[in-house]
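Visitor: If you read the protein sequences in the order shown, they are chains S and X. Going by my numbering, the letters in the first sequence line up with residues 1 to 258, in that order. Going by my numbering, the letters in the second sequence line up with residues 1001 to 1350, in that order.
Derived by calculation from the structure, the hints in this document are not laboratory data. Keep in mind that this is a model prediction, so the values were computed, not measured. Be careful, since some hints might not be right.
Straight-line Cα separation of at most 27 angstroms, DSS-like style, residue types lysine-lysine; simulated pairs [as the list claims (entries may be wrong)]:
(1) X:1143 with X:1153
(2) X:1210 with X:1126
(3) X:1210 with X:1271
(4) S:25 with X:1153
(5) X:1125 with S:156
(6) X:1126 with X:1153
(7) X:1034 with S:156
(8) X:1125 with X:1153
(9) S:156 with X:1126
(10) S:156 with X:1210
(11) X:1143 with X:1126
(12) S:25 with S:156
(13) X:1034 with X:1126
(14) X:1143 with X:1125
(15) X:1034 with X:1153
Chain X residues, not near chain S, derived (Cβ > 12 angstroms throughout) [as the list claims (entries may be wrong)]:
(16) 1092
(17) 1229
(18) 1238
C-beta atoms are modelled at their ideal positions from N, C-alpha and C, and glycine is treated no differently.
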Amino acid sequence: MDRLPLILSTFCFLLGFVATVRALKMGRFRPHRFNLAAMGAGFLFQTVFLYQRGVSLGHCPLTNLFEGLIFVSWSITFFYLVIGRAYRLSLLGAFTEPLVFLIQMAALFGPSDTHHQLLSNRWVEMHAAFSLMAYGAFALAGVAGLMFLFQERQLKTRRLGAIFFQMPAMIDLFEANRRLLWAGFMLLSIGLAAATRIPVHPAPAALIWGGAMWVVYLGLLLARRVGPHRLAWLSMAAICSSAVALCAFNHFSQGAAL
Amino acid sequence: MRAPLHILCLGLSHQSAPVEVRERFAVPEADLRKGLADLSSRPGIAEAVIVSTCNRVEYYAAAEDIEMARCALLQFAEERSGLAPTVPDPFYALEGTRAIEHLFRVVSGLESMVIGETEILGQVKKAYAAAAAAGTTSRHMNKLFQRSFNVAKEVRSHTSITRGPVSVGSVAVELAEKIFGRLDACHAMILGAGETSELTARALLSRGVKSIFVANRTYDRAAALAEQMGGEAIHFEECEGRYHEIDILISSTAAKHLIVTQAKLAPVMHKREGRPLFVIDLAVPRDVEPAVNDLEGAYLYDIDSLQTIARQGMEARRDEIAHCQEHIDAHVGAFEEWMQAAPYPPHLTA
């Protein structure tokens, strides 16, 4: 029964995605309508679920992979609501909803939710929370990158599909991508700084990976020659490799990496 | 018990008559008040509105006796033009449901030359305001025209009839906005002062392009065009050195060889550090090497690709007409119900 808000939230994301695809197919998509409402409702239910879980555990609900996946979904939705609205990228929601839906479905039907890894102290909690929020921002940057590449391909091939005229401007997508990468980088920095206060890290491989990603993202953000096209590809590649790596670390460390 | 009023429309449009015929029946703005007074004073005409634009001339009337009103409208048209109006060609005479539906289609842009254009709504609003000010409208015409404006609004907001560009200029603007977002920070350059490039540049300027450079083989022609558009004329030989300053390049020279090549633009793109460049090649033979499109951040569109997109936009709008018609039909039905129930106008019951 405690999963009800999570199920409702997953349903909201599915509904928003289906409604957007349907509207786009019929050529009647209107920004900031159902799409935003569905994302907002989904976020609300996610927050309720995480809050209830946090209260029952007595600390941040990041004690297993199931909770970690929900936390990342929450973070993606949070950044969508902040960045998506700022740049009027309502169609970003159409690309974000299936991602969040799939993550939550994977959480609901994938990992076991019975075993809870003890968060030994506040620094571990802080490290995990900020790092996962950072990956949420990076994931959304990857979504913006995907949209950029999608639009660029249509422009280059001169085959403009029905969705083209509903897409945000490429310059806005590039700017959103960069800002999300900066936001994620800041959060990851805080997460890694917190990790330095942990005497014995429960998953050192994940920590090393986090450090490596910090360097990669710093390079991406500071390199002057990385144009919008390369930034889009690299932000997608970085988040995909991070997702694979975190799942692998989690598998091999028996859940210690989450 | 008297019969209810009927709505009539007598008109001709770009679909039924060439401009030399339309202009004979047109009612200039200065003449409109007089024309409305004349029309509404004719036997059988209770209320009247005249819509006269460059693409259509239509006389709308509310009348008790359809035949009498029809004759009055034809007579009015004949007296104004000196030509006997013939129905159904080039004139169309519509009554009742068909007249109401026609007005709703006109204001929604479905009868326009460029389907879905929005200028017609403003023109019909102006025509109605003139009739209302002249006192030739009453209950029926007021209700009919006000409802037509609601129909137009509903059709535009609930369908895709106004979506997508349908001309070379609007395609260029739309693509530029998809690349750069707002155009008020963009600089453009025209190579060759041809008519299409001028039109395209004007379309971009109307959306707020910050500045325009004009380069032409004949400097005086460039200077004249630059002055007209509030831009800056540059010598043709200088243009290559200014590529790094611009975001949009419109080329339409009469040159027989390529003016913009990949080799020339590659170092420019390198300097731009990811800032995109939108290249519009309107020339035949082409001015821009197709391989320019392979450069990262460069988007090249020639006249054929722009025209194809414009054609697709028009086709998409045509496909949307059936959807618009559903909205219109619902309003036509509702208006007819109102007509049946509407009390008789006071000045006709006397």
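Visitor: Would you check the hint for residue 1210 of chain X and residue 1126 of chain X, treating anything up to 27 angstroms between C-alpha atoms as holding?
Guide: The given pair, whose Cα atoms are some 33 angstroms apart, is violated under the 27 angstroms limit.
Visitor: At 12 angstroms, judged by beta carbons, does residue 1229 of chain X keep clear of chain S as stated?
Guide: holds, 24 angstroms
Visitor: Hinted pair, alpha-carbon criterion (27 angstroms max): residue 1126 of chain X, residue 1153 of chain X. Please report holds or violated.
Guide: holds, 16 angstroms
Visitor: Can the restraint linking residue 25 of chain S and residue 1153 of chain X be considered satisfied, given a maximum Cα separation of 27 angstroms?
Guide: holds, 22 angstroms
Visitor: Are the Cα atoms of residue 1125 of chain X and residue 156 of chain S separated by 27 angstroms or less?
Guide: violated, 42 angstroms
Visitor: Going by Cβ atoms, does residue 1238 of chain X stay more than 12 angstroms from chain S at every point?
Guide: At roughly 27 angstroms from the nearest Cβ of chain S, residue 1238 of chain X sits farther out than 12 angstroms, so the non-interface label holds.
Visitor: For the pair we were handed, residue 1143 of chain X and residue 1125 of chain X, check the Cα-Cα distance against 27 angstroms.
Guide: holds, 13 angstroms
Visitor: Given the hinted pair residue 156 of chain S and residue 1126 of chain X, is their alpha-carbon gap at most 27 angstroms?
Guide: Violated, at about 43 angstroms.
Visitor: Hinted pair, alpha-carbon criterion (27 angstroms max): residue 1125 of chain X, residue 1153 of chain X. Please report holds or violated.
Guide: Holds, at roughly 12 angstroms.
Visitor: Confirm or reject the statement that residue 1092 of chain X sits farther than 12 angstroms, beta carbon to beta carbon, from all of chain S.
Guide: Consistent with the label, residue 1092 of chain X stays out of reach of chain S, its closest Cβ about 31 angstroms off (over 12 angstroms).
Visitor: Hey, residue 156 of chain S versus residue 1210 of chain X, does the alpha-carbon distance stay inside 27 angstroms?
Guide: Roughly 25 angstroms separates the two Cα atoms, so the pair holds.
Visitor: Is the Cα-Cα distance between residue 1034 of chain X and residue 156 of chain S 27 angstroms or less?
Guide: violated, 57 angstroms
Of the numbered hints listed earlier, those contradicted by the structure are 2, 5, 7, 9, 15.
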